[in-house]
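**Q** Listed below, chain by chain, are the residues.
Number of protein chains: 4
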Amino acid sequence: MAHEKYGSLIQTLHEYMEACNHCYDACLKETDIDMMRDCIRLDRECADMCGFLEQALVRDTPFAAPLAKACAEICETCGNECKKHDHEHCQKCAQACFDCAEACKKLAA
Amino acid sequence: MAHEKYGSLIQTLHEYMEACNHCYDACLKETDIDMMRDCIRLDRECADMCGFLEQALVRDTPFAAPLAKACAEICETCGNECKKHDHEHCQKCAQACFDCAEACKKLAA
Amino acid sequence: MAHEKYGSLIQTLHEYMEACNHCYDACLKETDIDMMRDCIRLDRECADMCGFLEQALVRDTPFAAPLAKACAEICETCGNECKKHDHEHCQKCAQACFDCAEACKKLAA
Amino acid sequence: MAHEKYGSLIQTLHEYMEACNHCYDACLKETDIDMMRDCIRLDRECADMCGFLEQALVRDTPFAAPLAKACAEICETCGNECKKHDHEHCQKCAQACFDCAEACKKLAA
Chain A
1 MAHEKYGSLI
11 QTLHEYMEAC
21 NHCYDACLKE
31 TDIDMMRDCI
41 RLDRECADMC
51 GFLEQALVRD
61 TPFAAPLAKA
71 CAEICETCGN
81 ECKKHDHEHC
91 QKCAQACFDC
101 AEACKKLAA
Chain B
1 MAHEKYGSLI
11 QTLHEYMEAC
21 NHCYDACLKE
31 TDIDMMRDCI
41 RLDRECADMC
51 GFLEQALVRD
61 TPFAAPLAKA
71 CAEICETCGN
81 ECKKHDHEHC
91 QKCAQACFDC
101 AEACKKLAA
Chain C
1 MAHEKYGSLI
11 QTLHEYMEAC
21 NHCYDACLKE
31 TDIDMMRDCI
41 RLDRECADMC
51 GFLEQALVRD
61 TPFAAPLAKA
71 CAEICETCGN
81 ECKKHDHEHC
91 QKCAQACFDC
101 AEACKKLAA
Chain D
1 MAHEKYGSLI
11 QTLHEYMEAC
21 NHCYDACLKE
31 TDIDMMRDCI
41 RLDRECADMC
51 GFLEQALVRD
61 TPFAAPLAKA
71 CAEICETCGN
81 ECKKHDHEHC
91 QKCAQACFDC
101 AEACKKLAA
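If you read the sequences in order, they're chains A, B, C and D. Taking the UniProt record's numbering, the leading residue of the first sequence gets 1, the next gets one more, and so forth. Taking the UniProt record's numbering, the leading residue of the second sequence gets 1, the next gets one more, and so forth. Taking the UniProt record's numbering, the leading residue of the third sequence gets 1, the next gets one more, and so forth. Taking the UniProt record's numbering, the leading residue of the fourth sequence gets 1, the next gets one more, and so forth.
I should point out that these hints are in silico values taken from the structure, not numbers from a laboratory. Honestly, I wouldn't trust all of these hints.
Just so you know, same-sequence chains aren't split out, so a pair can sit in one copy or run between any two.
To be verified - Listed next, the in silico SDA-like pairs over lysine to any residue satisfying Cα-Cα at most 20 angstroms (straight line):
{"hint": "1", "residue 1": "Lys-105", "residue 2": "Glu-76"}
{"hint": "2", "residue 1": "Lys-105", "residue 2": "Ala-64"}
{"hint": "3", "residue 1": "Lys-29", "residue 2": "Ala-64"}
{"hint": "4", "residue 1": "Lys-69", "residue 2": "Lys-105"}
{"hint": "5", "residue 1": "Lys-83", "residue 2": "Glu-102"}
{"hint": "6", "residue 1": "Lys-5", "residue 2": "Lys-106"}
{"hint": "7", "residue 1": "Lys-83", "residue 2": "Met-35"}
{"hint": "8", "residue 1": "Lys-29", "residue 2": "Pro-62"}
{"hint": "9", "residue 1": "Lys-29", "residue 2": "Phe-63"}
{"hint": "10", "residue 1": "Lys-29", "residue 2": "Asp-60"}
{"hint": "11", "residue 1": "Lys-5", "residue 2": "Asp-25"}
{"hint": "12", "residue 1": "Lys-5", "residue 2": "Glu-15"}
{"hint": "13", "residue 1": "Lys-106", "residue 2": "Tyr-6"}
Assemble the whole structure, with the sequences as input and the hints as a guide.
**A** Next up, the structure:
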């Protein structure tokens, strides 16, 4: 079953998808939204990709490696943007991003 | 934050999405696949819808009620199909379906 | 085949999904992004829902009616927000929204 | 705008997503469903990935290249499975697969 095969990765993707969507939602409410444009955009890209990969792993996709490789790249880019901002949701999201990128890289290898 | 607002619903949707995708994967490997056509089809419909609703709730969608209403109908139909089959994954999926339908109906109300 | 069954609806959903994603992308680049918060959020909701419904119709989902009903509500809300803004992408998106809402309502009936 | 940037790729992805979902639907109705297991599974994987990439391109994703690379691999695998089967929907889907894989490879390069 997928859970045994992928260990904690499915949970990691899920938590990260939540962190990203929460950061997206919070950025859209920030006073300094002018500074948050890239963060909003990248949060959506990441949340969508992580949700996609999570579903794919759960149905035991034959394409775990190429999808995880793309996901790792997206997570890293998003993490690098999020860590520039002091908002708590951005800092939390950045950490989740880098954890998720690590886990995806391992799977892709 | 979305988690506080929706309580256990996000977790319920997530577990159900997993049960559905696992049932889909297992049905595609069953010897009696001829009997599992509707189950395969409905498992995909449900997994996709629950994954979609879960993401929407996590980003605090303004459309929780209409989406949950559609999701409840899909879950119920899938549960009614799954419970016809004796495979353990179908029985588990049926139970998850009905739990998820209940939770969605409450949200839609 | 789905195309014969649903006539021009699949094309309408597709054009609308494009209009919404284009409006989302353009809003994120507007100088007055402070005014565009709701438009960005609703564009994403709509693009995701229209993309979801489009895929579901193409695979001949048994849930065309409840999904189209939810989609109509989302399109209408997005159209009402978009039409408040003078940007060309917003005005175009608003018109696409209302066309799509009409088509979805017919299907849901 | 995304359409000008990506030329005919968005249309190619869309037609392929439709071919895949139609093949998936038709395979689930075939008398020899026992032979179609892999085709059903791969059609879903491909349809989901092409729908995902199409949406991402339309919103001008910064991740067109890594996503297109993953998509090309999925399309090729699906095409190789589909071309084994004589059903018209499989043969059509195989052709659409290989066209889409080519277009994705160009974008990824």
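**Q** Looking back at the hints listed earlier, which ones does the structure fail to meet?
**A** Checked against the structure, no hint fails, so every one of them is satisfied.
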